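Q: One letter stands for each residue in the lines below.
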Amino acid sequence: MNSLRYILALSVLSATNAFAGIADHVVRTKIAGVDVIAYPTAVKDVVTIYGSLPAGDAFAGEQHPDVATLTGMMLDKGTSTADKFAIAQQLESVGATISFNVGAQTLGVRAKCLRKDTPTILRLIVEQLRRPAFPAAEFEKAKRQLAGALQRSLEDTDSRAAEAFARAVYPAGHPNRPATTQEMLSALDHTELEDVKAFYAKYYGPAHFTLVIVGDLDLPKIQSQLRRDLAGWKGGVDALRQARAGTAGGAREEKVAMADKTSVSIVLGQASGLRYADADSIPLRVGAAVLGSGFTGRLMQIVRDREGLTYGIGAYLDNDTFTDGDWRVSGSFAPQLLDKGIASTRRELERWWRDGITADELAARKTDLIGSYKVSLATTDGMASVMLRFIQRGKPLSWLDDYPKAVAAVTLEQVNGAIHKYLNPDKMVLVEAGTLPAAK
Amino acid sequence: MKLSAVVALGLLGGALASWPAAAAAAPAPVAGFSYVKSLGGIDEYHLDANGLDVLLLEDHSAPVVTFMVTYHVGSRNEVTGTTGATHLLEHLMFKGSPNYNDARGNSIKQYLERIGGDYNANTWLDRTAYFAEVGSEYLEGYMAIEADRMRNLWLREQDRRPEMTVVRNEFEIGENDPVQALDKEIFAAAFEAHPYHHPTIGWRSDIEKVPIEKLRAFYDTFYWPDNATVSVIGDFKPASALGLIRKYYGVYPKAPHAIPQVYTEEPAQTGPRRVTVRRAGELGVVGISYKSPAATNADMAALDVLGSILSSGKTSRFYRALTDRNLTTNVTADAGFFHDPSLFQIYAYLAPGATHEQVEKVLRDEVSRVVKDGVTDAEVAMAASKISATIAYARDGTANVAASINEWIAAGDWTRYVTFPQDVRKVTAADVLRVARAYLVADQSTTGWFVPVEAKVESK
Chain A
1 MNSLRYILAL SVLSATNAFA GIADHVVRTK IAGVDVIAYP TAVKDVVTIY
51 GSLPAGDAFA GEQHPDVATL TGMMLDKGTS TADKFAIAQQ LESVGATISF
101 NVGAQTLGVR AKCLRKDTPT ILRLIVEQLR RPAFPAAEFE KAKRQLAGAL
151 QRSLEDTDSR AAEAFARAVY PAGHPNRPAT TQEMLSALDH TELEDVKAFY
201 AKYYGPAHFT LVIVGDLDLP KIQSQLRRDL AGWKGGVDAL RQARAGTAGG
251 AREEKVAMAD KTSVSIVLGQ ASGLRYADAD SIPLRVGAAV LGSGFTGRLM
301 QIVRDREGLT YGIGAYLDND TFTDGDWRVS GSFAPQLLDK GIASTRRELE
351 RWWRDGITAD ELAARKTDLI GSYKVSLATT DGMASVMLRF IQRGKPLSWL
401 DDYPKAVAAV TLEQVNGAIH KYLNPDKMVL VEAGTLPAAK
Chain B
1001 MKLSAVVALG LLGGALASWP AAAAAAPAPV AGFSYVKSLG GIDEYHLDAN
1051 GLDVLLLEDH SAPVVTFMVT YHVGSRNEVT GTTGATHLLE HLMFKGSPNY
1101 NDARGNSIKQ YLERIGGDYN ANTWLDRTAY FAEVGSEYLE GYMAIEADRM
1151 RNLWLREQDR RPEMTVVRNE FEIGENDPVQ ALDKEIFAAA FEAHPYHHPT
1201 IGWRSDIEKV PIEKLRAFYD TFYWPDNATV SVIGDFKPAS ALGLIRKYYG
1251 VYPKAPHAIP QVYTEEPAQT GPRRVTVRRA GELGVVGISY KSPAATNADM
1301 AALDVLGSIL SSGKTSRFYR ALTDRNLTTN VTADAGFFHD PSLFQIYAYL
1351 APGATHEQVE KVLRDEVSRV VKDGVTDAEV AMAASKISAT IAYARDGTAN
1401 VAASINEWIA AGDWTRYVTF PQDVRKVTAA DVLRVARAYL VADQSTTGWF
1451 VPVEAKVESK
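Chains as they are written, first to last, in the working numbering: chain A, 1 to 440; chain B, 1001 to 1460.
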């Protein structure tokens, strides 16, 4: 079956120019349970790889909130056949990179290499995922490294504001509700290597692993390498797609006081109750873009350009890939302009919510979203990240071509209806992180 | 900001090496332009009407084009009282002109966001750049607005007032990061006379108080076609693009004055210098910077290789000596690629429990080892491979290519975008030893510590 699909795919590729759609050129195969997406482009010699499997922090549990991150950190610390320096030698000698990162729901992998090295890099990705050695000495180092990263995040106003916001709008047990940085730091004292091994055994596997490969591809070599390396791998779980948490619980303010900071980060928003795949998601995204996208979004145009209150402010939907997510305004204000900045932001938010957007705004933002989407696909990184994101969101490959059409079809009534249906400025949470004015 | 530039310049590491060293024949002549030269697929012209420099690089792999104008003015052209003026002016360039503005609905922001262009501008030590990646069919629309603001900008006090606080908030956001604060202090200590002394964002009081008249004078001094390079990269036809450039830029005369040149040279440093930043924070940082040559100096290829050997990846010397021993969470080492001599900078981010003294000692021991014993052929080969790979990575997308070429334009010689990679591949272990001994000199160093102090406020 795979071979047949592969031959058909090759014939499609040979006639690339005859097809207008992106999806027509994608080669999608299941290899040992892994969803492999290959997309050849005209770039010379560059290959970019994005992948993910569900093994993020949301799977960690309360007792060991650090275990998913530690497991991800151990992947490049050696395998059953090569220690970390031997792997690094193989990668660095050809200028290739592989990195793993752990998010709320997934372990992510990103790699970049030259065409000739692609089979080697794929082999190393799979080997690190399938056969991590978990050396005890490296585990102790990983814990120290994680402690350092967590401590540094405590210095960052944006991170502190984002963490406080997520904990304010998502209930306990929701995959988007993170452990606090302090909880993560405390957990490092009692999480053991055996906990990491158990986590790995329970969650890692090919069943929901997606691998996107974009660029100057030698498809036969890539396919045969993956068939060889992935054969016999078992396991894996689906992402957490539990019942919705609902929307805002009620307005409140959270203050994260930090010393010696000259700019305050703010987040103002609420749980949206929406997933990306929901019908109202695109209209609400378009509406959010009118308020808070780019330099012509209302917030940048008014709060920044006209009133001079901030360097940057925007509004967007987030964290809605696997579950219902949130809607937020993020921005920064000098402490002495914080009150004024928040008042202006609330004023524009309420006007947007109350009066909706105009037909002119809708028309301009639709062409912006469609145009910028096309520009974003002009690099292998852009194409790979878009493909992986769409697949994670449960969209078919045809969405690559249908997304611009869906944006173009959005009506004013849909946008303004969605704003009212899912959002309520009176019930939003405001978080301020930084050196806050004494008067507040 | 300098740190991020170092990262960006890493992409330059050897771009376009697979291209021919020189074009076999000159492109077809286009009326109104003098052909200058071709190298690595890039054709250079001068617009006869005013001396505007033009670079064209065709790449039809995607239906997009990046258009960029680089003005040869950066924070090195500023003096006391106008620090940050180049950057503030860059912001005001988005405030409109009589022809293109928000009220008319055709401002640069409105146009580019209507078509989904990926656009921005940035200012650095040696240059100011304005750029957008757009669908190929929008090249003319963008170029018309970009060319208009070269000479027709409003530059009004009513725009400066709110924009000043915007830029001040940008300054404040930078100051939130203790490492950026440390980097400013290291540069300020390392350069006493040369204008690399002050940060591109400027000193806070200058940002707040520079009058609109001085910004106008700055604009009228430096924003002229003979002080600019325009680059067109991507999906376009050369004759057509040159025609558009002639149409929109050919209307301007040359500057009515000679463009002022920076003549201040940094006096020789005669001993090591130290700075300390003490602020609320969690973990310390040690930075050691050494005086290094200008980007176009022949030693820069070997210095680039040296930086890679010291800090790139798990095989690097600093990773093995520091990060793998739980003394740091990360270490970087990069040569600064700028128009004038700048700094080879090492930054070590302390791991929990490590002391500044410990980490600085290991850094100095490793520097001493490389100065005494040099590096191996294998280390040089690996560094060259990493740089060769980034050659290809840097060609992925017209905006990436533009960003890389931009820095070589600013450094004073765009052809180094093509030839620098070739130089990297010729670097030998002997070259690395020679430059290590020439530049990693204690008396030419400035060492900085970020020392976190306990917060005076408690989080809720």
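Some hints could be false.
Here are the simulated EDC-like cross-link-like pairs (lysine to aspartate or glutamate), alpha carbons at most 16 Å apart as the crow flies [stated by the list, open to error]: (1) A/LYS44 with B/ASP1059; (2) A/LYS77 with B/ASP1324; (3) A/LYS374 with A/GLU413.
Chain B is nowhere near these chain A residues, computed Cβ spacing over 10 Å in every case [unchecked claim]: (4) ALA96; (5) LYS141; (6) SER376.
These are calculated hints, taken from the structure and not from any lab test. Everything numeric in this text was worked out from a predicted model, so none of it was measured. Note that the Cβ used here is the ideal one computed from N, Cα and C, for glycine as well.
Q: In ascending order, which of the hints set out earlier in this document are inconsistent with the structure?
A: Failing hints, ascending: 3, 4, 5, 6.
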